[in-house]
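Chemist: Sequence:
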Amino acid sequence: MRQPQPHRSCKRKDLVEDQPFPGLLRTENLSLEELAHVLRAAVVDQKGPLVTLNKPQGLPVTGRPGELTLLSVLPQLSQALGLKRQELQVVRAPGKEASGLVLLSSCPQTASHLQKFFTHSRRAQRPTATYCAITDGVPEPSEGTVHMPLKLERMDGIDLAVPVMSPSRKDIQEGVKRTLSRFHVMAAGYGCALVQLQPLTVFPSQLQVHMALQLCPILGDHTYAARVGTVLGQRFLWPAETTKPQRQVLDEALLRHLHLSPSQAAQMPLHLHLHRLLLPGTNSRAPPAELLAPLPPYFSRTLQRLRLSPQQTVPDPQLEKWEE
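Letter by letter, the sequence shown follows residues 1 to 324 in the UniProt record's numbering.
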């Protein structure tokens, strides 16, 4: 699909371009209209009833009444995009802590068609979403799958995804879900890796939990990274049921490469970006259409400081076999 140039916005002051993480969006002092202007500038494709934008990290899709969310700003965004009385609805979007592609539609029939396509693709184990992540640690082997049943468990007022090693039939009936992700290491350096992730199931925080299970938590994961401990240079998993979320702790050598202090690292955004989406072709015989979203500035700078080539974030032939 053609990617039009993003609209210019006069709200550049809302993007924090100074140290240590350029390109982060501060939403606490934004109005709905100001957020709509920011998201209008983040549009990467608009064709027919479909609008695709590059969601900033930290913006939730849903939330409590009065909270600034993607759903709450849709009326203002529709107006900013000149859609008049057409109401936008969310078809696909990454969670609050992730950045990347958001698919919106002003046509209920189109939205329903796309949801059926995504559901059918999941059942056929054909991935439609490709994420980029930077991990603390290098997964071994360099590519593979993570299968793990997960459940949501309340801990200190937060719903956390917890692995269930051998779920019973009762567990499945009570909300335990079998989850599956594919991963592929694209580059490695300074003890970190650029990883492509393809979820084949849908579960909250699935990719963060799966990478923690590989002993390679995603940079900026201040929820699940605490489950990975280290003794004498060897990593291990703490019990998920008793490990509370805490700020991610990085070793001194990595902090030097990233040019960060420990206090700055404690504010690091999650380096998880929905980079690529596949959509149904124009007819049943046509190949899938592809949407791409550029990386956030802080993500690109982390790649640069770890000498992980950003060119390698584009899909490569080794992943194509997963999409046949």
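To be clear, the hints were calculated from the coordinates, so they are not data collected in a lab.
Fair warning: this is a prediction, and the values are worked out from it, not measured in the lab.
All C-beta atoms in this analysis are idealised placements derived from N, C-alpha and C, irrespective of residue type, glycine included.
Hints are not guaranteed to be accurate.
Unchecked claim - Across the chosen pairs, the derived CB separations fall in these ranges: (1) Glu143 / Leu232: 26 to 34 Å; (2) Ala289 / Trp238: 36 to 44 Å; (3) Pro245 / Glu67: 31 to 39 Å; (4) Pro294 / Gln109: 39 to 47 Å; (5) Phe236 / Arg285: 45 to 53 Å; (6) Arg307 / Arg123: 17 to 25 Å; (7) Glu67 / Gln89: 16 to 24 Å; (8) Gly58 / His120: 30 to 38 Å; (9) Asp159 / Leu71: 36 to 44 Å.
Chemist: Would you mind marking each hint as holding or not holding in the structure?
Modeler: Results of checking the hints against the structure:
no., hint, verdict
1, Glu143 / Leu232: 26 to 34 Å, "holds (28 Å)"
2, Ala289 / Trp238: 36 to 44 Å, "holds (43 Å)"
3, Pro245 / Glu67: 31 to 39 Å, "violated (20 Å)"
4, Pro294 / Gln109: 39 to 47 Å, "violated (30 Å)"
5, Phe236 / Arg285: 45 to 53 Å, "holds (50 Å)"
6, Arg307 / Arg123: 17 to 25 Å, "violated (40 Å)"
7, Glu67 / Gln89: 16 to 24 Å, "holds (18 Å)"
8, Gly58 / His120: 30 to 38 Å, "holds (32 Å)"
9, Asp159 / Leu71: 36 to 44 Å, "violated (19 Å)"
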